[in-house]
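**Student:** Sequence:
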Amino acid sequence: MADIIEVDFQLVWQYPVFIRIGESEQQRIEGPDAALDALNHRWSKVRGGGYFEAKRRCVDALRRRGSAELARQRFIQAAIAAGVLA
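Here the sequence shown stands for residues 7 to 92, where the numbers follow our numbering.
Worth flagging that the hints you see were computed from the coordinates, not collected in a lab.
Label pairs and their computed distance ranges (CB to CB):
id, residue 1, residue 2, range
1, Glu59, Ala92, 19 to 27 Å
2, Pro22, His47, 16 to 24 Å
3, Arg71, Glu31, 28 to 36 Å
4, Arg53, Phe24, 18 to 26 Å
5, Arg26, Arg70, 26 to 34 Å
6, Arg53, Ala92, 15 to 23 Å
7, Phe24, Leu76, 13 to 21 Å
8, Ile86, Glu31, 15 to 23 Å
9, Gln79, Val52, 18 to 26 Å
Since the structure is predicted, the reported quantities are computational estimates derived from the model, not experimental observations.
We treat Cβ as the ideally placed atom computed from N, Cα and C, and that holds for glycine.
Turn these sequences into a full structure, and let the hints guide you.
**Tutor:** The following block contains the structure:
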């Protein structure tokens with residue numbers, strides 16, 4: 007019987023992005039998966055300033071249908087607009 011080896015191919019950015027939401031500690035966002043999690047679960051209720059574009063680009067990168075760097079750029083733009091870029 008062959009051994010099964012589990013491998014996690016997590017997509018990460020060359021340079022992480024740091025955000026701070028509310029009074030929380032600074033958070034290190036290392037790739038589109040973490041960025042999408044932040045956008046979905048920790049972002050403010052105000053969804054403007056490139057929020058939806060950032061989500062779309064992160065999903066595209068995770069599905070290997072778009073650039074991870076473009077997702078990073080759009081996430082940074084959304085973070086600046088929301089006032090959470092650390």
